[in-house]
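Colleague: From first to last, the protein sequence lines are chains H and S. Just so you know, the first sequence maps onto residues 3 to 443 in my numbering. Just so you know, the second sequence maps onto residues 9 to 100 in my numbering.
If you are wondering where the hints come from, they were derived from the structure by calculation, not from laboratory data. All C-beta atoms, glycine included, are put in the ideal place defined by N, C-alpha and C. Among these hints, one or two may not hold up.
Each pair of labels, with its calculated beta carbon distance range [stated by the list, open to error]: (1) H:Glu227 to S:Glu31: 56 to 64 angstroms; (2) H:Pro388 to S:Glu31: 23 to 31 angstroms; (3) H:Ser279 to S:Arg12: 52 to 60 angstroms; (4) S:Arg65 to H:Ala48: 53 to 61 angstroms; (5) S:Glu75 to H:Arg265: 44 to 52 angstroms; (6) H:Phe434 to S:Glu75: 40 to 48 angstroms; (7) H:Lys204 to S:Ile76: 21 to 29 angstroms; (8) H:Pro194 to S:Arg12: 17 to 25 angstroms; (9) H:Arg153 to S:Glu75: 39 to 47 angstroms; (10) H:Pro388 to S:Gly43: 15 to 23 angstroms; (11) S:Gly43 to H:Leu19: 48 to 56 angstroms; (12) S:Leu66 to H:Pro235: 49 to 57 angstroms; (13) S:Glu75 to H:Lys204: 15 to 23 angstroms; (14) S:Arg78 to H:Gly38: 46 to 54 angstroms.
Some but not every residue of chain H turned toward chain S, in silico, with C-beta under 7 angstroms [unchecked claim]: (15) Gln348; (16) Gly350; (17) Thr351; (18) Ser354; (19) Met386; (20) Ala392.
Selected chain H positions facing chain S (in silico; Cβ < 8 angstroms) [unchecked claim]: (21) Ser192; (22) Cys349; (23) Arg390; (24) Gly391.
For reference, the chains in residue letters:
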Amino acid sequence: MAIERHPAARVEATGELHRLLMPGVTRRESLLEYRGRGGYAPEGWAWSPEELRDRIAASGLRGRGGAAFPTGRKWHGVAARPGPRVVLVNAAESEPASAKDRILLLRRPHLVLEGALLAARAIDAREIVLYLHANATAVRDSLDLALRELRAARTPAPRLRIVTAPPGYVAGEASAAVRRANGGPAKPTSKPPRPSERGVGKRPTLVQNVETLANVPLIARHGPEWLREVGAPSLPGTLLVTLSGAVNRPGVYEVPSGMPLQRIVDDLGGGVVGGASVQAMLVGGYFAGWLGPEALAQGARLEPESLRAWGVSLGAAAIVVVPDWICGLAQAAWLMRFFADESAQQCGTCLSGTRAMAAVFAKLLRGTASPAACDRLHLWAERMLPGRGACGHLDGAATAARTALQVFADEISQHARAGGCGRPETVILPGFDGGDLDVTA
Amino acid sequence: MSQRRVRVRVDPTRCTAFGFCAEFFPESFALDDWGYAWLQAAELPSDLEPLARETARLCPTGAIAVEIVRAEDGPPAAATARPARLLRPRHR
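Based on the provided sequences and hints, a complete structural model is requested.
Modeller: Laid out in structure tokens, this is it:
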């Protein structure tokens with residue numbers, strides 16, 4: 003049974019919901035086309051900076067980059083600090099299971115750029131930094147063309163510059179983006195100071211995800227209530243979901259927040275490949291944790307509160323479906339290996355902790371982990387490692403381990419008894435090339 | 009007057025696992041399985057501030073910071089306010 007490994011293979015807006023993605027927009031939307039759809043409408047620009055911040059706050063918009071932080075509060079926070087200030091558009095979509103920011107930038111770059119310009123107005127920023135991965139050449143081309151169009155149209159804008167980072171999971175973290183924009187390596191820094199306090203050029207910096215910014219022009223135009231017309235009250239609006247793994251129709255979908263996960267798998271994904279059952283899934287991306295099939299059956303929904311009850315987070319709404327006909331524990335073990343490989347190696351605890359957890363998971367897969375090692379793994383994942391790193395990488399690794407120990411508990415026992423489960427250990431997580439699972443702890 | 013609140017931070021990028029902190033101030037610092045400082049409580053009762061400052065001074069890599077929490081920073085996080093491990097009573 004074949005599994006599509008490219009989550010962006012299909013892009014659809016669901017039902018009548020065309021807010022960020024539009025069914026008619028399948029190639030890069032030009033500035034002219036964007037204006038024809040309401041872009042840069044005067045009513046969006048009629049507000050003072052403070053009114054803009056208030057509008058965003060009243061809409062209940064929360065960040066779509068993974069932390070779901072209230073956007074209005076963030077804007078007020080940065081604006082309260084002495085200027086000049088900077089807006090950093092975080093387009094470095096490092097999460098391997100996520101493709102939504104890329105799709106937005108390829109198809110609707112002007113929606114994102116107008117959002118960045120409005121954000122710059124709202125916090126009185128003198129500079130906008132567009133931050134993306136160096137290997138994202140198509141995204142770069144789309145942005146370059148869009149910026150050329152803006153200049154040709156003499157759109158008033160602060161200084162705009164593009165900063166690129168080498169590939170890497172932690173390169174997308176806010177402080178890593180700031181450090182890179184300041185000429186350093188794309189690695190996170192210790193907090194404090196936060197980017198909002200001391201960011202690009204030592205200035206207060208608003209770091210905002212692409213999808214978050216795409217919502218901004220629409221809220222400015224249509225009002226705060228417009229965002230709340232769809233989605234869960236705890237996280238108003240739509241979410242761009244990247245659905246991959248063993249579903250019949252992988253893709254990027256725009257859905258109201260709060261949609262039941264079962265519906266996402268069945269209605270959007272067209273069910274599991276081969277009519278199989280869901281063994282487990284990642285819902286928020288690699289850092290947000292594993293979810294078992296009982297969560298789907300009991301109505302877990304795509305919004306922060308519902309997912310928190312299951313011990314996972316919404317993250318970037320990057321969903322990977324693991325079917326029951328492959329080894330789930332192998333997916334979990336490889337994910338731990340990913341965290342070990344992707345550590346920035348700046349914090350000793352992260353370097354040692356991610357490697358140690360990956361090593362025990364490799365043993366769990368072969369059924370050779372000692373009971374003492376299992377006890378230690380629980381201690382590391384649940385108590386010793388959370389909250390210890392300079393960035394969220396170690397927390398992500400601990401969450402992945404903690405939830406895998408719960409979700410794959412039966413499989414771990416089976417592997418301990420029989421040395422395996424007899425199912426293929428094919429890795430279906432996006433971005434894995436295979437190789438040797440062993441790591442040196 | 010509310011009580012002075014003291015917060016301790018470990019910069020994980022600076023900690024190189026000397027372990028002096030856990031030796032000198034075991035009520036607040038443990039070591040993890042790899043020898044790195046594992047803070048047991050982010051906030052301390054104010055009577056422990058001198059001990060916290062001395063520990064910070066002893067750290068060879070300067071990884072420990074002690075700061076006074078301002079009232080506008082909000083209430084302490086429940087999980088870190090006063091862990092069971094911190095045995096000293098607040099008022100003696």
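Colleague: Now look at each hint and say whether the structure bears it out.
Modeller: For each hint, the structure was consulted:
The given range of 56 to 64 angstroms is respected by glutamate 227 of chain H and glutamate 31 of chain S, whose C-beta atoms sit roughly 59 angstroms from each other. As the Cβ distance of proline 388 of chain H to glutamate 31 of chain S is approximately 24 angstroms, the hint placing it in 23 to 31 angstroms holds. Distance hint check: the CB atoms of serine 279 of chain H and arginine 12 of chain S are about 57 angstroms apart, consistent with the given range 52 to 60 angstroms. Look at arginine 65 of chain S against alanine 48 of chain H: about 56 angstroms separates their beta carbons, and that is inside 53 to 61 angstroms.
With their beta carbons about 48 angstroms apart, glutamate 75 of chain S and arginine 265 of chain H fall inside the hinted range of 44 to 52 angstroms. Taking 40 to 48 angstroms as the suggested C-beta distance range, the pair phenylalanine 434 of chain H and glutamate 75 of chain S conforms, at roughly 42 angstroms. Separation of lysine 204 of chain H from isoleucine 76 of chain S is about 24 angstroms and conforms to the stated range, judged on CB atoms against 21 to 29 angstroms. Roughly 20 angstroms separates the CB atoms of proline 194 of chain H and arginine 12 of chain S, a value that falls within the hinted 17 to 25 angstroms.
The hinted window of 39 to 47 angstroms between arginine 153 of chain H and glutamate 75 of chain S holds, with their beta carbons roughly 46 angstroms apart. At roughly 18 angstroms, the beta-carbon separation of proline 388 of chain H and glycine 43 of chain S lies within the given 15 to 23 angstroms, and the hint holds. At about 52 angstroms, the CB distance of glycine 43 of chain S to leucine 19 of chain H agrees with the hint of 48 to 56 angstroms. The hinted range of 49 to 57 angstroms is satisfied by leucine 66 of chain S and proline 235 of chain H, whose Cβ atoms lie roughly 50 angstroms apart.
The supplied range of 15 to 23 angstroms is met by glutamate 75 of chain S and lysine 204 of chain H, whose beta-carbon atoms lie about 20 angstroms from each other. Restraint check, arginine 78 of chain S to glycine 38 of chain H: a C-beta distance of roughly 51 angstroms satisfies the suggested window 46 to 54 angstroms. Given hint, glutamine 348 of chain H at the interface with chain S, holds; its Cβ is 5 angstroms from that chain's nearest Cβ, closer than 7 angstroms. With its C-beta approaching chain S no nearer than about 5 angstroms, glycine 350 of chain H sits inside the 7 angstroms limit, and its interface hint holds.
Restraint check, threonine 351 of chain H versus chain S: the minimum CB separation of about 5 angstroms is within 7 angstroms; hint holds. The restraint placing serine 354 of chain H at the interface with chain S holds, with a minimum CB-CB distance near 4 angstroms, inside the 7 angstroms limit. Using the Cβ-Cβ criterion of 7 angstroms, the hint placing methionine 386 of chain H at the interface with chain S is satisfied: the shortest such distance is roughly 5 angstroms. Here the hint on alanine 392 of chain H is kept, as its CB sits about 5 angstroms from the closest CB of chain S, short of 7 angstroms.
Among the interface hints, the one on serine 192 of chain H holds; its C-beta lies about 5 angstroms from the nearest C-beta in chain S, closer than the 8 angstroms criterion. Given hint, cysteine 349 of chain H at the interface with chain S, holds; its Cβ is 4 angstroms from that chain's nearest Cβ, closer than 8 angstroms. Residue-level restraint check for arginine 390 of chain H holds (minimum Cβ-Cβ distance to chain S is 6 angstroms; threshold 8 angstroms). For the restraint placing glycine 391 of chain H at the interface with chain S, the shortest Cβ-Cβ distance is roughly 6 angstroms, inside the 8 angstroms limit, so the hint holds.
In summary, the structure agrees with every hint in the numbered list given earlier.
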